[in-house]
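Number of protein chains: 2
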Amino acid sequence: MSKKVNLKEKLSLFNDHWSPKIVADFNGHDVMVVKVKGEFVWHSHEDTDDFFLVLKGQLKIELPDGPVFLGPGELFIVPKGVEHRPVAEEEVHLMLIEPAGTPNTGDATTAVTKDYL
Amino acid sequence: MSKKVNLKEKLSLFNDHWSPKIVADFNGHDVMVVKVKGEFVWHSHEDTDDFFLVLKGQLKIELPDGPVFLGPGELFIVPKGVEHRPVAEEEVHLMLIEPAGTPNTGDATTAVTKDYL
Numbered sequence: 037m038s039k040k041v042n043l044k045e046k047l048s049l050f051n052d053h054w055s056p057k058i059v060a061d062f063n064g065h066d067v068m069v070v071k072v073k074g075e076f077v078w079h080s081h082e083d084t085d086d087f088f089l090v091l092k093g094q095l096k097i098e099l100p101d102g103p104v105f106l107g108p109g110e111l112f113i114v115p116k117g118v119e120h121r122p123v124a125e126e127e128v129h130l131m132l133i134e135p136a137g138t139p140n141t142g143d144a145t146t147a148v149t150k151d152y153l
Numbered sequence: 037m038s039k040k041v042n043l044k045e046k047l048s049l050f051n052d053h054w055s056p057k058i059v060a061d062f063n064g065h066d067v068m069v070v071k072v073k074g075e076f077v078w079h080s081h082e083d084t085d086d087f088f089l090v091l092k093g094q095l096k097i098e099l100p101d102g103p104v105f106l107g108p109g110e111l112f113i114v115p116k117g118v119e120h121r122p123v124a125e126e127e128v129h130l131m132l133i134e135p136a137g138t139p140n141t142g143d144a145t146t147a148v149t150k151d152y153l
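These protein sequence lines are chains A and B, in that order.
Okay, so the first sequence: first residue is 37 according to the numbering used here, each after it adds one.
Okay, so the second sequence: first residue is 37 according to the numbering used here, each after it adds one.
Some clues are possibly wrong.
Here are the computed lysine-lysine pairs in the DSS-like style, where the Cα-Cα straight-line distance is at most 30 Å [unchecked claim]:
no.: 1; chain 1: A; residue 1: Lys116; chain 2: B; residue 2: Lys73
no.: 2; chain 1: B; residue 1: Lys116; chain 2: A; residue 2: Lys73
no.: 3; chain 1: B; residue 1: Lys39; chain 2: A; residue 2: Lys44
no.: 4; chain 1: B; residue 1: Lys40; chain 2: B; residue 2: Lys73
no.: 5; chain 1: B; residue 1: Lys73; chain 2: A; residue 2: Lys96
no.: 6; chain 1: A; residue 1: Lys92; chain 2: B; residue 2: Lys57
no.: 7; chain 1: A; residue 1: Lys40; chain 2: B; residue 2: Lys116
no.: 8; chain 1: B; residue 1: Lys44; chain 2: A; residue 2: Lys57
no.: 9; chain 1: A; residue 1: Lys40; chain 2: B; residue 2: Lys46
no.: 10; chain 1: A; residue 1: Lys44; chain 2: B; residue 2: Lys40
no.: 11; chain 1: B; residue 1: Lys96; chain 2: A; residue 2: Lys57
No lab work stands behind these hints, which were simulated from the structure alone.
Remember, it's a predicted structure, so these values are computed and weren't measured experimentally.
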């Protein structure tokens with residue numbers, strides 16, 4: 037049986053940035069928490085939408101049509117194939133959902149390994 | 037392009053209980069918000085895990101091995117096929133994720149229609 041996940045507690049267990057940690061499995065997807073700060077790379081995922089839920093801080097997601105700005109309790113789905121770049125001036129805490137094995141940069145050669153917390 | 041979703045704002049738009057509202061689409065899944073109060077029915081979903089994230093209040097999910105208790109910022113995945121019954125003594129606000137078309141009771145003949153907000 038799965039266990040409950042306290043997102044804030046999970047986020048207290050690490051401090052590195054742009055390195056998603058898996059906290060639960062859902063229908064072949066990884067549910068993850070991550071801390072981000074600074075600018076990520078422009079990338080896209082050809083085979084999956086990209087789920088962002090802000091838990092703390094202010095996140096900008098740059099998109100071809102202009103940026104969206106997300107605060108706590110706000111979510112955004114980047115449709116599959118759409119180029120995007122997350123940017124966080126100050127540290128932001130996020131919950132992410134992607135199919136298990138999805139490279140965070142959209143490219144397996146540059147992606148970080150996602151570990152279970 | 038999809039739009040950002042403010043979960044609290046979406047939850048302010050309705051007051052009925054046990055009637056999930058779709059706020060976003062993600063990889064063939066509905067992302068929903070719902071207000072619940074009281075006891076739901078025991079049910080299971082044969083083909084999908086069931087994603088619960090508590091946004092406000094205290095939720096009990098009764099399970100064959102005993103209940104789990106969830107507060108704000110806590111999530112729980114009910115594995116597919118596992119009987120469960122959500123119970124909320126006071127009103128609880130949730131974010132749910134299920135494959136599009138999943139009946140909320142596990143049975144299409146008793147399920148509510150999920151509308152877009």
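Tested hints:
A threshold of 30 Å between alpha carbons decides the hint, and for Lys116 of chain A with Lys73 of chain B the separation of about 36 Å lies outside it, so the pair is violated. A C-alpha spacing of about 36 Å is found between Lys116 of chain B and Lys73 of chain A, which places the hinted pair above 30 Å, so the restraint is violated. Proposed proximity of Lys39 of chain B and Lys44 of chain A is supported: the alpha carbons are some 26 Å apart, at most 30 Å. For the hint pairing Lys40 of chain B with Lys73 of chain B, the CA-to-CA distance comes to about 27 Å; that is within 30 Å, so the pair holds.
For the suggested pair Lys73 of chain B and Lys96 of chain A, the alpha carbons sit about 35 Å apart, so the restraint of at most 30 Å is broken. Annotation: proposed proximity of Lys92 of chain A to Lys57 of chain B holds, straight-line Cα distance about 24 Å (limit 30 Å). Distance hint between Lys40 of chain A and Lys116 of chain B is fulfilled; the C-alpha atoms sit about 16 Å from each other, no more than 30 Å. Among the hinted pairs, Lys44 of chain B with Lys57 of chain A is consistent with the structure: their alpha-carbon atoms are about 26 Å apart, no more than 30 Å.
The suggested pairing of Lys40 of chain A with Lys46 of chain B holds, with an alpha-carbon distance near 25 Å, which does not exceed 30 Å. As the CA atoms of Lys44 of chain A and Lys40 of chain B are separated by approximately 22 Å, the hinted pair is consistent with the 30 Å bound. Distance hint between Lys96 of chain B and Lys57 of chain A is fulfilled; the C-alpha atoms sit about 26 Å from each other, no more than 30 Å.
Hint violations for this structure: numbers 1, 2, 5, all remaining hints satisfied.
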